[in-house]
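The sequence shown begins at 1 in full-length UniProt numbering and counts up one residue at a time.
Keep in mind the hints are simulated off the structure, nothing from the lab. Note that the Cβ used here is the ideal one computed from N, Cα and C, for glycine as well. A hint or two may mislead.
What the hints assert, rightly or not - Here are the in silico distance ranges between beta carbons for each label pair:
(1) 161 <-> 285: 15 to 23 Å
(2) 281 <-> 39: 53 to 61 Å
(3) 39 <-> 227: 39 to 47 Å
To be verified - With a Cα cut of at most 30 Å, we get these calculated DSS-like pairs of lysine-lysine:
(4) 48 <-> 141
(5) 141 <-> 91
(6) 143 <-> 91
(7) 142 <-> 91
(8) 91 <-> 48
(9) 48 <-> 143
(10) 142 <-> 48
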Amino acid sequence: MTDEEEFGFLAPEEADAPGDEWEEIDVSDTEADRIARRRDREFSEFRKRLTDADQFKVEQSVFDDATFAAIYKLVQDGHVDAFGGPISTGKEANVYEALGSDDGVDHDVAIKIYRINASNFQQMREYLEGDPRFEGIGSDKKKVVLAWTQKEFANLRRAEQAGVRVPRPIAVERNVLVMELVGLVEDRARRLAEVDVENPETAFEVVREYMCRLYAAGLVHGDLSEYNMIIHDGELVVIDLGQAVTVHHPNADEFLRRDCHNVAAFFGRQGLDTDESSLYEFVTAVEPEPGGTPDGPDVPE
């Protein structure tokens, strides 16, 4: 397998004008909230079955009725067929393995559930304040967490359109996000920090190009490092885009420089002659322009 085959680039899709055309994020009551208030027999039975499931017993104290209703709505809409066990648990969100289907074809999905009562509201504020999509959200913790979930879905969709390999976003409902499961639990994808990078030059080219494509599409990851990139089946996948901001965010440049520092430092430890200033110049060489995503620099075919 050649370097190019191991870390092949995706083809960008047609994208909208980057940065300032983002749709306003709506945090008003959803169908899940209405289902939770209605509490009909069918939903109540679903909630009891899910609460009694082994993988949810520990977590039921932090999931409100509207969260269970959001999962119920995703099941009704055909995005989720069956739940598996937990993949990861964190301070802000839990991720579960599940079974979904598209056009009758079963496939594994990941369900990320943000815990409204436990999320780090203050840490989120650093990324939310100044993002044009969050104007008018205010300081209501519930609204912030719901908007954050929608923001991650929007960021994943925009990154995918730009040709960045990310977990494919499937659906979002309230504080619940459904996306592609990259690697099964028993054969999970490994973080870049956990693997022996056999071709650091090519891996660096891919990471650098993906940073450039994100920037050209109006996004800065904001927390990019060897811990937010994974390798699975020879693909490098960028994950955890919840905190990604638009290029118009007042701290976008600071976040991008931090990303460049982290990436350059990691690949420097792999023996490459890299520096964060050169990486920053490469990423920002093509400015995001209204009317479409500009072409990035040449990459290996």
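Exercise for review: Starting from the hint list further up, note which numbers the structure goes against and sort them upward.
Suggested key: none
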